[in-house]
Amino acid sequence: MIGSPVVYFSIAGMLAGVLGMIFARNIIKKILAFGIVETSINLIYVGVSSRSGIIPPIIRDGVSLTAYADPIPQAVIITGIIISFALLCLALVFAVIIQNHYHTMDVNTIETSYEREESC
Amino acid sequence: MKIVGGVSVIVLFTIVILMMNIDLTIPAPVEQIVDRTNIPNAVTAVYLEARLFDTVFEIIVYSLTAMGVAMLLGSLPLRADEPQQVFQTVTVFSGGLAAISITLFLYVVLNGHVSPGGGFSGGVILATGIVTYALTSDFRKATRHYDILRMRPLENASLIMIFSVSTLVILFPEFHSSLLARGSFGATISGGLIPLLNLFIGIKVYAGAWKMASEFIHRRGTL
Numbered sequence: 000m001i002g003s004p005v006v007y008f009s010i011a012g013m014l015a016g017v018l019g020m021i022f023a024r025n026i027i028k029k030i031l032a033f034g035i036v037e038t039s040i041n042l043i044y045v046g047v048s049s050r051s052g053i054i055p056p057i058i059r060d061g062v063s064l065t066a067y068a069d070p071i072p073q074a075v076i077i078t079g080i081i082i083s084f085a086l087l088c089l090a091l092v093f094a095v096i097i098q099n100h101y102h103t104m105d106v107n108t109i110e111t112s113y114e115r116e117e118s119c
Numbered sequence: 000m001k002i003v004g005g006v007s008v009i010v011l012f013t014i015v016i017l018m019m020n021i022d023l024t025i026p027a028p029v030e031q032i033v034d035r036t037n038i039p040n041a042v043t044a045v046y047l048e049a050r051l052f053d054t055v056f057e058i059i060v061y062s063l064t065a066m067g068v069a070m071l072l073g074s075l076p077l078r079a080d081e082p083q084q085v086f087q088t089v090t091v092f093s094g095g096l097a098a099i100s101i102t103l104f105l106y107v108v109l110n111g112h113v114s115p116g117g118g119f120s121g122g123v124i125l126a127t128g129i130v131t132y133a134l135t136s137d138f139r140k141a142t143r144h145y146d147i148l149r150m151r152p153l154e155n156a157s158l159i160m161i162f163s164v165s166t167l168v169i170l171f172p173e174f175h176s177s178l179l180a181r182g183s184f185g186a187t188i189s190g191g192l193i194p195l196l197n198l199f200i201g202i203k204v205y206a207g208a209w210k211m212a213s214e215f216i217h218r219r220g221t222l
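Note that the protein sequences, when read in sequence, are chains A and B.
Quick note, the first sequence lines up with residues 0 to 119 if you use numbering that gives the first Met the number 0.
Quick note, the second sequence lines up with residues 0 to 222 if you use numbering that gives the first Met the number 0.
Note that these hints are calculated values from the structure, not bench results.
Note that the structure is predicted; figures quoted are calculated from it, not measured.
Some hints here could point you the wrong way.
So, partial list: chain A residues that the calculated Cβ filter (under 7 Å) puts toward chain B [said to hold, decoys possible]:
| id | residue |
| --- | --- |
| 1 | 18 |
| 2 | 21 |
| 3 | 56 |
| 4 | 57 |
| 5 | 58 |
| 6 | 73 |
| 7 | 77 |
| 8 | 78 |
| 9 | 85 |
| 10 | 88 |
| 11 | 92 |
Beta-carbon label-pair distances, calculated as ranges [to be verified]:
| id | chain 1 | residue 1 | chain 2 | residue 2 | range |
| --- | --- | --- | --- | --- | --- |
| 12 | A | 116 | B | 71 | 18 to 26 Å |
| 13 | B | 14 | A | 97 | 28 to 36 Å |
| 14 | A | 103 | B | 99 | 38 to 46 Å |
| 15 | A | 116 | B | 73 | 20 to 28 Å |
| 16 | B | 99 | A | 105 | 26 to 34 Å |
| 17 | A | 35 | B | 66 | 24 to 32 Å |
| 18 | B | 85 | A | 64 | 51 to 59 Å |
| 19 | B | 80 | A | 22 | 34 to 42 Å |
| 20 | B | 173 | A | 22 | 55 to 63 Å |
| 21 | B | 82 | A | 7 | 44 to 52 Å |
| 22 | B | 151 | A | 96 | 23 to 31 Å |
| 23 | A | 64 | B | 101 | 31 to 39 Å |
Not close to chain A: a few residues of chain B, all C-beta gaps over 10 Å, as computed [what the hints assert, rightly or not]:
| id | residue |
| --- | --- |
| 24 | 15 |
| 25 | 64 |
| 26 | 85 |
| 27 | 98 |
| 28 | 101 |
| 29 | 142 |
| 30 | 146 |
| 31 | 152 |
| 32 | 163 |
| 33 | 166 |
| 34 | 172 |
| 35 | 178 |
| 36 | 182 |
| 37 | 198 |
No residue lacks a Cβ here, since even glycine has one placed at the ideal position from N, Cα and C.
Pulled out of the complex, with its shape left as it was, chain A reads as follows (with noise of 0.2 Å):
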């Protein structure tokens, strides 16, 4: 077990986020609900490395190189927010999409109407 409460808020946070994703009806709340989920991945990897007493890794005259915080984590996380970022997008664009075919956000008036062109 650890000890830092923002890897336990930012767990929180995933299990709120991929609830709504499953629970929601309307797609727009989908698509924050995963926002809501990449956020607190990104919030893991802050909570992990951060501790307290430690600076930004910007380097500075007169500061022993043991008080920085560890930047691989910073720098691996930029993967992260680009992907969401990617993902965000597409799924933006695909419930544009949607909404202009169907005129509703509603994922199951959404199935029904869909089923009902199937069988048609």
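Put chain B on the given structure of chain A with help from the hints.
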């Protein structure tokens, strides 16, 4: 079915929390990284020097997203050109915000290896300023700058330059190390090819973000 999914998610997260054992005493590799790259910002040193190959693929993902958004939204009908409703106070402020964001873009991108910042954050700062101006003041005027500044060829040229410079750095690490060693630690003009990479990444990120936002506005209208 949804209940089963929810319960399984809760069980999965409980198992993860019980099994999690992250060691918080990470040995700091700052010293090696700073010795190798001779620039103060260790994060930039990691993602534009040690993990440059990974960053190239991030740029590819970003470009593919911009392309995919433009292509998928291209199949939808354009919205009729309605007059934009604006508040005069917001118009004054958003013009100033755009000017500040241009200055901040140049500062963050060109100082990305000395202070916090870099290409990605700089591009997003500029795009935020311009998109705010487009949404709140004058979308047509904001669209015109894309043609006047020839952003489309500039975006493609910066993408090609990112690939060329990264290939140079990856294939000839000794050459880049000699360039890095020549700059004085902490100066704006130092860091070898890293400021150049930051500038091209900033232009690319800005152009892609503005392209995506303007495609959305073309299809869905302003506020």
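Mind listing which of the numbered hints don't hold for this structure, in increasing order?
Structure breaks hints 16, 24, 25.
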